[in-house]
Structure formats: C-alpha cells, structure tokens
Amino acid sequence: MMMFDWSRAAACLTLDPELFFPISTEGLGHEQVERAKTICQGCPVRQPCLDYAISTGQAYGVWGGTDPSQRRALAANPAARGHGQPGGRAAARKRSRSPASR
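Note that the UniProt record's numbering numbers the sequence shown so that position 58 is 58, with each residue one more than the last.
One should not assume that every hint holds.
Stated by the list, open to error - Now the in silico label distances, taken between C-beta atoms and shown as ranges:
1. Arg72 / Leu15: 31 to 37 Å
2. Trp6 / Ala73: 30 to 36 Å
3. Glu31 / Pro78: 19 to 25 Å
4. Gly57 / Glu34: 20 to 26 Å
5. Glu18 / Asn77: 28 to 34 Å
6. Thr14 / Gly57: 23 to 29 Å
7. Ala76 / Asp16: 26 to 32 Å
8. Ala73 / Ile23: 21 to 27 Å
Worth flagging that the hints you see were computed from the coordinates, not collected in a lab.
Note that the Cβ used here is the ideal one computed from N, Cα and C, for glycine as well.
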C-alpha cells in the first residue's frame with residue numbers, strides 16, 4: 001500500500017481501517033461512521049486527506065471527516081468550497097490553474 005507523506009501524521013494511522021470503511025451506514029454502521037468522523041475532526045492532516053479523497057474520487061469510507069455522499073456534494077460544487085472548508089484547498093488549486101494547464 002502506498003503511503004503519502006501526510007498520511008504518516010494521520011490520527012487514524014494506528015487504528016483499525018475497518019472503522020473508516022463500514023459495510024453499512026445504518027444502525028451500527030452509522031455509529032461507526034460517526035466515530036470515524038469524530039477522530040477525523042482532531043486530525044492534523046484532515047484537509048490533505050479530504051483533498052486526496054476528492055481528487056481521486058474515493059467512493060467508499062470516511063476520508064477527511066466526510067462520508068461518500070458528502071464528498072460527492074463537495075466535488076459537484078467546487079466553486080462553493082473555499083480555503084478553510086472541507087475540500088477547499090483542492091478546489092482553489094483547480095480554480096487557479098489556467099484553462100490551458102487543466
């Protein structure tokens with residue numbers, strides 16, 4: 001498995017990955033998602049994690065404190081994401097590139 005520099009500082013690094021990839025989002029799965037999101041809230045690399053998940057289209061799991069439906073919404077409306085908001089850094093980078101470099 002490839003590790004990114006930012007992932008070495010992740011709050012989830014030593015935790016069971018299954019916590020962040022529940023098989024359901026209902027019942028116990030919902031509780032699991034909420035626990036994972038709580039861990040992400042205090043993570044020093046939450047933003048790069050979320051940027052990675054959005055830029056690579058991660059369709060499963062909790063990344064950067066978001067679930068798949070939240071990431072789809074953020075990806076669908078990049079103009080609404082500013083710095084300091086989930087996915088804002090990646091959106092700002094995309095907006096700052098000239099059309100020729102995209």
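Now the hints, each set against the structure:
1. Distance hint check for Arg72 and Leu15: the Cβ-Cβ separation is about 25 Å, which falls outside the suggested range of 31 to 37 Å.
2. For the pair Trp6 and Ala73, the beta carbons lie near 23 Å from each other, so the given range of 30 to 36 Å is not met.
3. Here the CB-CB span from Glu31 to Pro78 is close to 31 Å, at odds with the stated 19 to 25 Å.
4. The hinted window of 20 to 26 Å between Gly57 and Glu34 holds, with their beta carbons roughly 23 Å apart.
5. The given range of 28 to 34 Å is respected by Glu18 and Asn77, whose C-beta atoms sit roughly 31 Å from each other.
6. The hinted range of 23 to 29 Å is satisfied by Thr14 and Gly57, whose Cβ atoms lie roughly 26 Å apart.
7. Between Ala76 and Asp16 the C-beta distance comes to about 31 Å, which sits within the given range of 26 to 32 Å.
8. Between Ala73 and Ile23 the beta carbon distance is about 22 Å. The supplied range of 21 to 27 Å therefore holds.
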